[in-house]
Amino acid sequence: MVQLLNASGCLDALTAPGVAASLDAFVTKTVTPEPREGNAPVRIAETEHGMLNAIGLANPGRERFLAEMLPRLRQLGLPLWVSVGGFAAHEYAETCARLEDVTIELNLSCPNVDEAPESAAEIVAACRKVTASPLYAKLSPHAWDMGETVRAVEAAGADGVSLVNTLRGVALDRQLRPALARIAGGYSGPALKPVALAAVCAARAVTGLPIVGMGGVGSGRDALELIACGATHVALGTVLFADPDAPQRVREELAGEATRAGFATPDEAFASALTSVAKMAN
Amino acid sequence: MSRPARERRRVLAVEAVGPYALVRVDRGGIDPGIPGQFFMLEAPGRVLPRPMSLCQAPQGELAFLLDPVGPGTKALAELEPGDRLHVFGPLGNGFRLDVARPLLVGGGIGVAPFPFLSEALEHPPAVLGFRSERHAEAAVLVPNAEVVIDPVLVTDALPAGRDVLACGPEPMLEAVRALAPDAQLAWEAPMACGYGACYGCAVEIDGALKRLCVEGPVL
Numbered sequence: 142m143v144q145l146l147n148a149s150g151c152l153d154a155l156t157a158p159g160v161a162a163s164l165d166a167f168v169t170k171t172v173t174p175e176p177r178e179g180n181a182p183v184r185i186a187e188t189e190h191g192m193l194n195a196i197g198l199a200n201p202g203r204e205r206f207l208a209e210m211l212p213r214l215r216q217l218g219l220p221l222w223v224s225v226g227g228f229a230a231h232e233y234a235e236t237c238a239r240l241e242d243v244t245i246e247l248n249l250s251c252p253n254v255d256e257a258p259e260s261a262a263e264i265v266a267a268c269r270k271v272t273a274s275p276l277y278a279k280l281s282p283h284a285w286d287m288g289e290t291v292r293a294v295e296a297a298g299a300d301g302v303s304l305v306n307t308l309r310g311v312a313l314d315r316q317l318r319p320a321l322a323r324i325a326g327g328y329s330g331p332a333l334k335p336v337a338l339a340a341v342c343a344a345r346a347v348t349g350l351p352i353v354g355m356g357g358v359g360s361g362r363d364a365l366e367l368i369a370c371g372a373t374h375v376a377l378g379t380v381l382f383a384d385p386d387a388p389q390r391v392r393e394e395l396a397g398e399a400t401r402a403g404f405a406t407p408d409e410a411f412a413s414a415l416t417s418v419a420k421m422a423n
Numbered sequence: 067m068s069r070p071a072r073e074r075r076r077v078l079a080v081e082a083v084g085p086y087a088l089v090r091v092d093r094g095g096i097d098p099g100i101p102g103q104f105f106m107l108e109a110p111g112r113v114l115p116r117p118m119s120l121c122q123a124p125q126g127e128l129a130f131l132l133d134p135v136g137p138g139t140k141a142l143a144e145l146e147p148g149d150r151l152h153v154f155g156p157l158g159n160g161f162r163l164d165v166a167r168p169l170l171v172g173g174g175i176g177v178a179p180f181p182f183l184s185e186a187l188e189h190p191p192a193v194l195g196f197r198s199e200r201h202a203e204a205a206v207l208v209p210n211a212e213v214v215i216d217p218v219l220v221t222d223a224l225p226a227g228r229d230v231l232a233c234g235p236e237p238m239l240e241a242v243r244a245l246a247p248d249a250q251l252a253w254e255a256p257m258a259c260g261y262g263a264c265y266g267c268a269v270e271i272d273g274a275l276k277r278l279c280v281e282g283p284v285l
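Line order of the protein sequences matches chains A and B. Heads up: the first sequence at position 170 corresponds to 311 in this note's numbering, and the numbers run straight through without jumps. Heads up: the second sequence at position 104 corresponds to 170 in this note's numbering, and the numbers run straight through without jumps.
For the record, the hints were derived by calculation from the structure and aren't laboratory data. All residues carry an ideal CB built from backbone N, CA and C; glycine is no exception. Hints should not be assumed to be uniformly reliable.
Claimed, not checked - To list a few chain A residues with every Cβ distance to chain B over 12 angstroms, as calculated: (1) A166; (2) E204; (3) R215; (4) A266; (5) V271; (6) L308; (7) L350; (8) G403; (9) D408.
Said to hold, decoys possible - Each computed SDA-like pair below joins lysine to any residue, with the alpha-carbon atoms no more than 20 angstroms apart: (10) B:K140 with A:E189; (11) A:K270 with A:A297; (12) B:K276 with A:A181; (13) B:K276 with A:P182; (14) A:K334 with A:L415; (15) A:K334 with A:H190; (16) B:K140 with A:T188; (17) B:K276 with A:R205; (18) B:K140 with B:G84; (19) B:K140 with A:A320; (20) A:K334 with A:P282; (21) B:K276 with A:M210; (22) B:K276 with A:P201; (23) B:K276 with A:G179; (24) B:K140 with A:D314; (25) B:K140 with B:P256; (26) B:K276 with A:A199; (27) A:K334 with B:R112; (28) A:K334 with B:G111; (29) B:K140 with B:A87; (30) B:K276 with A:G202; (31) A:K334 with A:W285; (32) B:K276 with A:R323.
Turn these sequences into a full structure, and let the hints steer you where they fit.
Structure (structure tokens):
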């Protein structure tokens, strides 16, 4: 059965443990080596079909995360995914080396901070050397050739990919000033779904690795579409802000949506969008 | 502390109060909470809900006063009786009510939590500032209020020796704090979730950025 997760940075399990418990696994906000206050306000803005955020990886830093937050998160009794960030490959690797009994998701694609100079594959390779934990690469929808990027991180040792992070966007207020203090932010919400579907299709065409599909999922139908494009897991992001009951609701809707689409179970719809294209080509 | 609940509630009425809209919904199983706490109201057709403090809590009802200035607040003001919307709350920390000589100080739509607060404190005096006579019509919701209209400011009419509880635009709150350093101030920030998930409503508190929805909105 497909697993439901939260998208990193879209839920605080310690503040809302009940919501976290309704997921199959909890993904933490990205942990960086040093503590980060995040960007100056204003940090969020709603748009017509989504929202922008420029939080800027606010987090207590690696040491406080390991000493204080991780033990409290473990007490929740949920499978944990730790989102790891950094500003150079060795920073990612240093955090990975300290993590055990978790799945690691490398945040290789935050639009709100400066990027590491190394490529996604180089960062994955550096982390693979120091950890045996499952390693997922979270990639940007900006990748020009998604298939190429997925092949590269798989060759570097990734155990899965998370698709997609937010798209970079700008919103203006009535007086034409940027709504966000940082001007640009990450665009998420309903408008991102076709982008996510395209990324998952492109990835599934080149890899057999697990794929966490995310981007604009608000309903069971949305989740089913990601599964049909080849996602093995589905993560909920922006919808959690509007509806903390979304995990439960999406799970309930999934089965009915599969039936409506002519599949006995959601799992049976896995990658069906790709095989139907292949059939048409024949 | 009351536990927040999220329910789909029915609109009973939307009443004009000057330029503002008073949205009344049936309460269902939702607790009104403490004055100054807030609720996330589903804004029809919008991606994100809107945070609103509770204005009135008559038997079986929850009433929210809002200023229809943006797409979300306009959508809420255009609700019709019988429409349904998700209401989630009460959220955040409200006013501390253990004050000896309360004085409510409000500016503009910042008067929204005062009818509920005034009732809880047995109608203490209030000083309310508005930008026009028309906006000042909202003062009818707050008993025992002295009203000032721009260019007169609430800080021009602030008596000394009172326990101030204030809500209004940021410059007003800063000015009130300068005169009454111990005042309880209800702040506002853009908010996506209202329950600590999005980190969007960060404000500087004691030199560090903290989530207003969890640490506030009353600080």
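Hinted pair B:K140 and A:E189, Cα distance within 20 angstroms: Measuring from Cα to Cα gives roughly 14 angstroms; hence the hint holds.
Pairwise hint evaluation, B:A87 against B:K140, where the allowed Cα distance is 20 angstroms at most: holds (9 angstroms)
Compare the distance between the alpha carbons of B:K276 and A:G179 with 20 angstroms, and conclude whether the hinted pair is satisfied. The given pair, whose Cα atoms are some 10 angstroms apart, holds under the 20 angstroms limit.
Measure nothing beyond the straight line between the CA atoms of B:K276 and A:M210; if it is 20 angstroms or shorter, mark the hint as holding. holds (17 angstroms)
Pair hint B:K276 and A:P201, alpha-carbon separation not exceeding 20 angstroms: It holds: about 12 angstroms lies between the C-alpha atoms, which stays within 20 angstroms.
Could you let me know if the closest chain B CB is still more than 12 angstroms away from the CB of A:L308? holds (15 angstroms)
A:A266 and chain B, when compared Cβ to Cβ, separated by more than 12 angstroms: Non-interface label on A:A266 holds, nearest chain B Cβ at 31 angstroms vs cutoff 12 angstroms.
Can you confirm whether the C-alpha distance between B:K276 and A:R205 stays at or below 20 angstroms? Distance ~17 angstroms between B:K276 and A:R205 Cα, so the pair holds.
Taking 12 angstroms as the cut and beta carbons as the points, is A:E204 off the interface with chain B? Per Cβ check, A:E204 is outside 12 angstroms of chain B; nearest 17 angstroms; holds.
B:K276 and A:R323: Cα distance at most 20 angstroms? Holds - the C-alpha atoms of A:R323 and B:K276 are around 18 angstroms apart, at most 20 angstroms.
Pair hint outcome, A:K334 versus A:P282 [Cα-Cα no greater than 20 angstroms]: Distance ~11 angstroms between A:K334 and A:P282 Cα, so the pair holds.
For the pair we were handed, A:K270 and A:A297, check the Cα-Cα distance against 20 angstroms. holds (10 angstroms)
In summary, this structure violates none of the numbered hints.
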